[in-house]
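Student: Residue strings, one per chain:
2 protein chains.
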Amino acid sequence: MKKVDVLIVGGSASGFAAAFTARRHYPDASIAVIRQEDKTPIPCGIPYIFGTLGSPEKNLMPDGALDKNGVELIKDEVTAINREKKTIITASGQEIGYEKMILGTGSLPLVPPIPGADLDNVFVMKKDVSYLSHLLEILKSTQDVVIIGGGFIGLEMADECHKLGCQNITVVEMLSHCLFTVFDEDLCIRLENELKKVNIQVQTSQKVKSLVGNGKVEYVELDDGRQLKADAVILGIGVYPNVAVGQQAGLTIGPTSAIVVDRHMLTNDSNIFAVGDCAEKVSFFTGQPVKAWLASVATAEARIAAANLFEMRRTNKGAVSVFSTKIGNIASGLAGIRETDARETGIAYVIGEAEAPDRHPGSLPGATKLRVKLVFHKYSGVLIGGQVCGGDSVGELVNLLAAMIQAEMNADQIATFQMGTHPLLTASPVAYQVVNAAEVALGKMC
Amino acid sequence: MKKVDVLIVGGSASGFAAAFTARRHYPDASIAVIRQEDKTPIPCGIPYIFGTLGSPEKNLMPDGALDKNGVELIKDEVTAINREKKTIITASGQEIGYEKMILGTGSLPLVPPIPGADLDNVFVMKKDVSYLSHLLEILKSTQDVVIIGGGFIGLEMADECHKLGCQNITVVEMLSHCLFTVFDEDLCIRLENELKKVNIQVQTSQKVKSLVGNGKVEYVELDDGRQLKADAVILGIGVYPNVAVGQQAGLTIGPTSAIVVDRHMLTNDSNIFAVGDCAEKVSFFTGQPVKAWLASVATAEARIAAANLFEMRRTNKGAVSVFSTKIGNIASGLAGIRETDARETGIAYVIGEAEAPDRHPGSLPGATKLRVKLVFHKYSGVLIGGQVCGGDSVGELVNLLAAMIQAEMNADQIATFQMGTHPLLTASPVAYQVVNAAEVALGKMC
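Just so you know, the sequences run in chain order A and B. For the first sequence, my numbering gives the first residue as 1, with consecutive numbering after it. For the second sequence, my numbering gives the first residue as 1, with consecutive numbering after it.
Calculated from the structure, these hints are not laboratory results. Don't take every hint at face value.
When chains are identical, the list treats them as one kind, so a pair holds in a single copy or across two.
To be verified - Result set (DSBU-like, lysine-lysine): computed pairs, CA atoms no more than 30 Å apart in a straight line:
no. : residue 1 : residue 2
1   : K317      : K378
2   : K85       : K197
3   : K68       : K369
4   : K369      : K127
5   : K85       : K3
6   : K197      : K209
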């Protein structure tokens, strides 16, 4: 029987990060990644296959890096875990022994219980190359696309369908705004307007009654009776943790339907860790279970679990939730808690906002207004959240906020933060948004 | 006699930041900024007047913001301070009383003692609109430009002269590389090559013997005897603190020729603060005097001094030195200490480096290799420096490093940092350079 020191189940973002970290921390261990896909798409890159990259083959996890790090890649499906024997059984009938296991089986796209969801040309965001190739071929010859779900995936897909040349694109969102669960309302509205600018239709506060067609989908019927013509429908309403194998093996499942882990990322089996979308997360701020299904959270967890394989070296402080997106020409991002979350949780908070061009002077070509909104804990003054909206610098700016949150910097420390600035790259040092937003918030604390 | 609660001397970056902060912290105070210039150029934006903006008028400090904040702008020159009477005398003969004063008189360009430096068409980077207008006119009709000094200003000017259409541009640098005092050698070489790509000539390890011409400069003679044809010469060899008025009034001058201040930014006069290039700085890392003449350091100091005007609210932990630049298509930046500095100071350090595309997958249009080099204190594991080189995201990425340094985050905390990533905006969460560089460094610490 084949046996490895470390078996990592799943070959997406968390699997890769776990493999590389395990190799760094335990140079002599035999490490294998087992996954069922022949090739794995880079998860967050999937929308960009359609309008920008032009092929799923251009959006693949770089398997060569596993080999380079002395990590074996086994292409097979784990069908069962025998925790007593410390082995797994695969679809091809192999039995493989492990000393330690990291489960990174990810998530699966939710298919809503809508009549007609099984019609042809109704798609979900499956992490499967041939499925995505098929979707690309269909979209290439499609004019009328309806996207159900106005979250990140939905809006990014709408944007990419537009780039691909689809003429009649509609996003249908159940809540009163797209991205309503991730950004404060003002930012949601700004991003909806960005879609409308390129004639993408946005239907909010709308439920889908059914998908209708004869074999192939033909239109989407809304609750209010309207019918939207649809040659293709994309379901982007979310994901759920893929825990089947772990659950079957008796790993404890928590309130978010994910595998329960402790601060070392250990499950109720002391030889099995779980990371990423299949592992339950608690909030960095409240300690309560939270659905933070982000590749960046997954890789941070993977780096903790893999360091802890044979000795507990790292602890998880909980998910901060940091993300960014780009819709049209506007990039936006969030680190930590929104004002909406703070209010709903009953946290005593103070807001500081600042806006300025992201270059200086603002007349420089390419300058974009960059808005920063910070949420501070009212009594400690500690930063607990930040939202940004502007040009491409948002991608790393939201990470600056993430660092300030994780280091628990307070408003006064941020107001005197020593940043670097450059005319072509940032706001001026006088107008620097993060610092000024902190000053504004301080004024409300005194 | 006119009297104000707060008199801010100098109307550049630190003067503006001081004025706005004073207004926020002391809403009822009467505040005035006094400066000798009618209009003040944005200091870091000056090089971009020439090739990008096309006019000094497009690069001005926004005076309107002073008025909007209830800050009076007095256009006059301070010729003397009477500390006993707490008044100043101006060039126009006015006497103005103050309760508290913040000196932000900045720095002046160094003119090296080279024969011929007084010839026509030899320029320094003067913060003066009409002087810069004249330089722009000259450069527009000039083919042969010699820039003396391969620091930021020199290289940015070379790049802009190229954009303006000057055909024969040479940068002469005394040290063995351009930017040799600010970046580690590998990065200096990369940036020199970026200039050479567009046929800007770079002459390193070269001293200038004299500037030669008849009334107007005609050529630059190097120490090795070579002569470089020059219709215009730009001196970008540095600045020195402008302390004349303060020194005359008996303020103590320190080893860097700047006004000595304590951690509250207070001079030896308990009613006079000094900030920015005219104020002495100590290093965040060593506590030793350091020449950190950056607008971003100046504004951070201004925000400390102005909060402290009538009550000590903030302390200065010393200059971290954070900056970025863009030469050709490469942006680069530094926060804190370089490897060179650590070695020369005798600090026990460990380096971690990582490189990856700044988008994911790397095949996305516009993706650029982004390299991160981190310097950690070897025994505490605390981050003390970071250098980055890549695309425009460098501008805020260097600020992420600056926050990690100021929060004294260690390599383990950075290796498990929860960042946000997006295909169009950052590296992938697996390849994220800052985190991987920390992991690499950790491997060398154990």
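Student: Does the structure break any of the earlier hints, and which numbers would those be?
Tutor: As far as the earlier hints go, only 2 is violated by this structure.
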